[in-house]
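**Student:** Each chain is listed here by its residues.
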Amino acid sequence: MSLVLYRIDDRLIHGQVVVGWGQPLDVGFIVLVDESVAASDWEQELYRMGVPMEMDVYFHDVNGAVEALPGYRADPRRGLLLTGDIETMQRLVDRDGAITAVNLGGIHHKAGRTQRMRYVFLTEEEADALRRMSTAGVTITAQDVPTARPTPLHDVLSGATL
Amino acid sequence: MSDEARAVVAGHADYAVGIISAVEQITGRGSRLVPVSGTGRSAAEIEEAIRTTMIDRGLKVIFTDLQAGSCSMAARRMMAGLEGAVLVCGANLPTLLDFVLADDLSPQDAALRALERGRSAMTMLTSRPKPTSADAGGSGAR
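Sequence order for the protein chains is A and B. When the letters of the first sequence are read in order and numbered with the working numbering, they come out as residues -18 to 143. When the letters of the second sequence are read in order and numbered with the working numbering, they come out as residues 26 to 167.
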């Protein structure tokens, strides 16, 4: 199969990912790309315990992920790639060159961000990074769960759904 | 009998408020449980909400709705700094009913027993035709 979803979600592995997307997409493995998690056995164990036994989780920093992505794309199972922030996804997009669509799954409030959707808050720099990815040909939509309608980046940035 | 809180219940959307309202309706002991919702919060905010609630009230037990959920993840992070704390994931109504009624046990021991009760309360029943009056007359076999 391949990697069927590239998702930005600041909660990383949680219910929407494992159950909400994982079950309908028949996901067999998750690739979690995060510099701090990749450097911490404790963090990895925490996330590993959050997934069912039949689902594998692989942890990488950006450099490791770029090297490993061809292997994951050749995996016979379906996989899902997660980053916890836009910057990490943008680095993957720039270096990998084969990511054509990115899902915004959950970017929550913190200082400097303004609300664009119920579950998407962005700084101006983050909004610009999404625009750059879009201009480079990546389709960016926000969709928290599979049954929701995907919201195009333009509507995310304009706050059209608020 | 004390109405003092003994545990946090945390989960998606209105899970905690909803299931605690059911506990209150059945036992009148909903105040033993303190709700926390993960909705609209980042992972760090959920962890902080759980930590604040547990430390402020001196609680050591937390029930969550789903092992993979953000509240369970946040609780596990929080527990790294809270000695003696226990987390029960996948709590259902029978679990919480047993917990709030266990006045004779410490909260941690009550959580362990409630976990077993909650597991054993899950069952599946299949439909059967309603017996007719003829069936009631039957063959007389017993």
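One should not assume that every hint holds.
The following label-pair restraints were derived from C-beta to C-beta distances [as the list claims (entries may be wrong)]:
1. A:P33 with B:A47: 19 to 29 Å
2. A:H135 with B:E73: 40 to 50 Å
3. B:R82 with A:A82: 43 to 53 Å
Bear in mind the hints are in silico, worked out from the structure with no lab data behind them. Note that the structure is a prediction, hence the values are computed from the model and not measured. Glycine included, every Cβ here is placed at the ideal spot set by N, Cα and C.
**Student:** For each hint, tell me whether it holds in the structure or not.
**Tutor:** Tested hints:
In this structure, P33 of chain A and A47 of chain B meet the distance hint of 19 to 29 Å, their C-beta atoms being roughly 27 Å apart. Against the hinted window of 40 to 50 Å, the Cβ-Cβ separation of H135 of chain A and E73 of chain B comes to about 34 Å, which falls outside the hint. Distance hint check for R82 of chain B and A82 of chain A: the Cβ-Cβ separation is about 45 Å, which falls inside the suggested range of 43 to 53 Å.
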